[in-house]
Amino acid sequence: MIRVRGLVSRFGGQVVHEGLDMQVEEGEIFGIVGGSGTGKSVLLRTILGLKRPEAGSVELYGRSLDGLDARERAALVQKYGVTFQNGALISSLTVAENVRLPLREYRTRSPEALESQTQLCLAMVGLPPGTEEKYPAQLSGGMTKRAALARALALEPSLLFLDEPTAGLDPISAAAFDELLLYLHSRLDLTVVMITHDLDTLFRTCGRVGVIIDGKMRSGAPRQLAEDPHPWIQAYFHGPRARAAQEQTHG
Amino acid sequence: MRSSLALEGDGDTWKLELGGDWSASALGEIVEQLDSLPPRLRGTLTCDWTRAHAPGIGPVWALLTRLGAANPGSGELRILHLAAPSHLRFLEDLRDARAEPAPSAPCDGSGGPIATLGRWSLAQGLRVREFAAFVGRMVAVLTRALSKPRALRASSLVRHVQETGIAAVPIVSLIAFLISVIVAYLGAQQLRLFGADIFVVDLTAIAVLREMGVLLTSIIVAGRSGSAFAAEIGVMQLNEETDALRALGLDPIELLVVPRVLGLVVALPLLTVIADAMGLAGGGLLAHFQLHIPWAQFVNRLHAAIAPSTFWVGLIKAPIFAVLIAATGAYRGMQVRDSARELGRLTTLAVVQSIFLVILADAVLAVLFVRLGV
Ligand SMILES: Nc1ncnc2c1ncn2[C@@H]1O[C@H](COP(=O)(O)OP(=O)(O)OP(=O)(O)O)[C@@H](O)[C@H]1O
Ligand SMILES: [Mg+2]
Numbered sequence: 001m002i003r004v005r006g007l008v009s010r011f012g013g014q015v016v017h018e019g020l021d022m023q024v025e026e027g028e029i030f031g032i033v034g035g036s037g038t039g040k041s042v043l044l045r046t047i048l049g050l051k052r053p054e055a056g057s058v059e060l061y062g063r064s065l066d067g068l069d070a071r072e073r074a075a076l077v078q079k080y081g082v083t084f085q086n087g088a089l090i091s092s093l094t095v096a097e098n099v100r101l102p103l104r105e106y107r108t109r110s111p112e113a114l115e116s117q118t119q120l121c122l123a124m125v126g127l128p129p130g131t132e133e134k135y136p137a138q139l140s141g142g143m144t145k146r147a148a149l150a151r152a153l154a155l156e157p158s159l160l161f162l163d164e165p166t167a168g169l170d171p172i173s174a175a176a177f178d179e180l181l182l183y184l185h186s187r188l189d190l191t192v193v194m195i196t197h198d199l200d201t202l203f204r205t206c207g208r209v210g211v212i213i214d215g216k217m218r219s220g221a222p223r224q225l226a227e228d229p230h231p232w233i234q235a236y237f238h239g240p241r242a243r244a245a246q247e248q249t250h251g
Numbered sequence: 001m002r003s004s005l006a007l008e009g010d011g012d013t014w015k016l017e018l019g020g021d022w023s024a025s026a027l028g029e030i031v032e033q034l035d036s037l038p039p040r041l042r043g044t045l046t047c048d049w050t051r052a053h054a055p056g057i058g059p060v061w062a063l064l065t066r067l068g069a070a071n072p073g074s075g076e077l078r079i080l081h082l083a084a085p086s087h088l089r090f091l092e093d094l095r096d097a098r099a100e101p102a103p104s105a106p107c108d109g110s111g112g113p114i115a116t117l118g119r120w121s122l123a124q125g126l127r128v129r130e131f132a133a134f135v136g137r138m139v140a141v142l143t144r145a146l147s148k149p150r151a152l153r154a155s156s157l158v159r160h161v162q163e164t165g166i167a168a169v170p171i172v173s174l175i176a177f178l179i180s181v182i183v184a185y186l187g188a189q190q191l192r193l194f195g196a197d198i199f200v201v202d203l204t205a206i207a208v209l210r211e212m213g214v215l216l217t218s219i220i221v222a223g224r225s226g227s228a229f230a231a232e233i234g235v236m237q238l239n240e241e242t243d244a245l246r247a248l249g250l251d252p253i254e255l256l257v258v259p260r261v262l263g264l265v266v267a268l269p270l271l272t273v274i275a276d277a278m279g280l281a282g283g284g285l286l287a288h289f290q291l292h293i294p295w296a297q298f299v300n301r302l303h304a305a306i307a308p309s310t311f312w313v314g315l316i317k318a319p320i321f322a323v324l325i326a327a328t329g330a331y332r333g334m335q336v337r338d339s340a341r342e343l344g345r346l347t348t349l350a351v352v353q354s355i356f357l358v359i360l361a362d363a364v365l366a367v368l369f370v371r372l373g374v
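Heads up: the sequence lines are chains V and P, in that order. If you read the first sequence in our numbering, its first letter stands for residue 1, the second for the next number, and so on. If you read the second sequence in our numbering, its first letter stands for residue 1, the second for the next number, and so on.
Excised from the complex, chain P in its bound form (with noise of 0.2 Å):
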């Protein structure tokens, strides 16, 4: 049974026959149907609706609203119902008691280029305040928790070395572990054309310490824990749990931000420290078994080959790495606001900013070493 509507009529008696379904679920439908009514009607109109099966609430509103702009100025039609539909009354009630939309505040859209360039640069300024506030503030705390190392709040930090540093161990030490015997493959493909062979010990052991085994943890801890971080804190804000803390007279930055950078500052440079054995024992498995120098031999060229500083040099910038990875995840989950798909968004940005600034340190660094001779 469709749901039907027809008008008859012509001049100042109108007849509206309304018949099949009329329950919610034909809405769609009567919707559609109800674009063929005129524009505007004057007159008497009949609504007749003896042959609507169950009507539900929602269609006869979107009848009611639009026979209501059919007749805008009120008066020039009257509307009649023949078997009304018990909420009828209810319904019209409630259209007439519902005021006009407020005009819609004047739009902050165009404006031309100008206006849309000072206006980006304005959110940029805002955006470099706010983050040079949560630098500071943090800052602030850490400073003050360094000299009073009471306030270091001792059980928080060691969950987070537990989260961030224990947890990853295994998925750390696999990853060193194969690449650096991608790495030693690679080059002893090509050392091998010169006869080179055990030069693949100086390669792997100086790429591994200086620059693999840092990188590569700190781009597996940014994916796994960066990522935690924004979306932890990210979630406490929209539960208005960090407003709570506040209002508790309590410091988020104090009590969220500041023992997960102290926890990674401890957590990621022994990761690297792990990271860079399993880095050699790849290496050195790979010279053992595929180049076939003997385990002394392989021992004796890596003393050659690195000096202490080669070790140092890699391992200084895991707590710089670190502090870099915690504070971008903490700053994206402060900045989360109103809704779940803001988080979504800032956990991603967190990551992705989090591994761009752990490369450029990187380059920066790297820059800096050699011009220091090291």
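This is chain V alone, in the form it adopts within the complex (with noise of 0.2 Å):
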């Protein structure tokens, strides 16, 4: 579903990415982490072609995206759904105003059918009904995070980027989400990219998780994982925090 192929990212001289393959598979959960400046976030980027890479080949459905054309650009753009790190809402529109944006432009403009959507998202996120009349500024963190997620559901995708979707959230909605995702995952088909650095939800949702280092990224099942001699995923899989979310999903 998607494959990326030698990657290369530089900002001036910083070499972000040093040739990186990364492949996902349709239906699965994968999980990106890293320390923070590896470029996660920047590789997500350049999967959804607002970065050119500078090197190196990143395929979505099979297709290159150089390649594509307006039309075919757009209706790319319908089947994935994302959420940007720090919720990225348009300012000026109501949190019911956003979910809408994509749904007025590829979908209908009943009024009904849209009020419908937007209901539906908001429930699916879990935000209480009146906060569709908020704007953005006055949303919490981890309410923002929930808008976001609804947008990016309204068109109903069949894959997701998510970019650190549960930091911010308190342990028991993040613990929430974790099933939601799953749910939804198991029952609308959906293949789920997702950054993060919580290792609860990593554990209880991803099926493989690759990790970037030194520009590349190493790739497998958490577990087999968690072998891997490097010092880093040493420290990350086998740290304090990792041992209590790991027993966890063990009970």
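In case anyone wonders, no lab produced these hints; they're calculated from the structure. One should not assume that every hint holds.
Quick look at which bits of chain P chain V covers, simulated, 3 or more residues with Cβ under 8 Å [unchecked claim]: (1) 55–63; (2) 231–240; (3) 336–345.
Every residue gets a Cβ at the ideal spot worked out from N, C-alpha and C, and that includes glycine.
Got two chains here, each in a separate frame; can you build the complex from them with the hints?
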């Protein structure tokens, strides 16, 4: 579904990715982890075509992004939903208008249909009724994440990109988010690519995980990856927090 | 394959046949057809999904909420599903868990003209107070900074002089030159009727030095830098950068506003001098090539026409206008809250109001100078 080959990303002299390979199959939940500043968000932006890679190729649904014309691009955009690390809701629109933005553009202008779909999206992400009239600046951090997810789900995409969806959520909401994601994943045949630092989320939801180290990616099932001798991976998977998270999912 | 929805039956047994495209992209069409369902239903309703193609969550949700609305007092309608989509239960749970929207807050819209007037006056009053507080804090910080030059943040000041002053030299020069050529040209057309060509020199010199040099410069700077101040500070407001500064114990007025005001107070007089020079050059060139007035005569006439005060009366206005422009821009920037639209609105307002204030101040000063006899 997603195939990245030999990706090189540079900002001036700073090399972020150096021959990174990544592959995501249909129907899986793929987690991307790595230290702060290792280029997870940059990788996501590259896959989405928001940043041009310096070298290497990116394919979505088996097609390279470069060869698409405007029509094909619009068709592709409707197949995936994205949440950005900081929400990126349009600040001058209410939550409801944010959710309706892609719907209005690609689906329908009927007010009842828009209202119905808005309510559905807000219900799915667990935003209480009444939130839809608020402006992004009036939301808490966690509510912003949910509203962004609601907007990403509006077109009922088959592929979901999430940049740190549980960061800033309280543990109970984060756990509820994991369940929601698993549920949507199983019921809606979703493929999910998720950047996360949250070990609980990682072990609970991700079938495979890719770690960005030294500009390259090492991927595998979480438990298999935990055996990798690289010091960062060892520290990540066997630190005090990791142990607790692993024990929980074992038991 | 169009989506379809057919209700059959009567009395107590109903059958709802769902067919065709029920995917997410058919949402609009399906919601339209839901309107045809009767407002209330009772008895047993069987939804037959066997012929619905790839039902998406959106359309199924729309149907469920519609059926829920047709059955307000629960129990009157029993709903069965045949070949239900896999996510039906999930959506049913979701719908049941979702409470009714809370009644909206009492509306504050109406209340008659008196109430509207009251609210408006209150808002104006608050605005005046806010503005007074801003000016007061700015003056306090300014006096503190002037008495303790170390707090002046020289590097920031230099940057603003560079950005608002030096970078504006080309455009200010060009416009001052062109406008004075136009004024001299039109003046010459009239004066020639009286054979008084030479007075073109008086005309351009006095107009440029007293009014046009400083006024044109101020208007250009208001458009260039007043908007920049509002936008820069406004974006910082949106990103909570100003809050972060306050939380760090730093005063945004001292850090952001005062350097801009002082920078412009330095830059605008310098730009005015340049505009004056370019304006005189424009007048001189026109006089030379169009009216064939020799350079020497032009310079002599210039000496006779202007007193030193002509130049100073123009220049003295520059720092006053600078304060007006910079303070308006910064103040509007500090008012930005919450959204990108506000940023646009207040940036526009900053430019419009600073130009208005500059012209108003110019009129007041003109009267004042006449009274003072300069
Ligand atoms: N527009 C940009 N210009 C220059 N450098 C950039 C830009 N965007 C990102 N970088 C650099 O690329 C590197 C990777 O950034 P990225 O945002 O992908 O980190 P990340 O892995 O998502 O980290 P985090 O977990 O903190 O979100 C960082 O060193 C960052 O400084
Ligand atoms: Mg990131």
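Outcome, coverage hint (the stretch 55–63 of chain P, chain V; C-beta under 8 Å; three residues): It holds, with 5 qualifying residues against the three required.
- prompt: Checking C-beta pairs, does the stretch 336–345 of chain P have three or more residues closer than 8 Å to chain V?
  reply: holds (count 6)
Within 8 Å of chain V's CB atoms, at least three CB atoms from the stretch 231–240 of chain P: coverage verdict: violated (count 1)
Violated hint: 2 only; the structure is consistent with all others.
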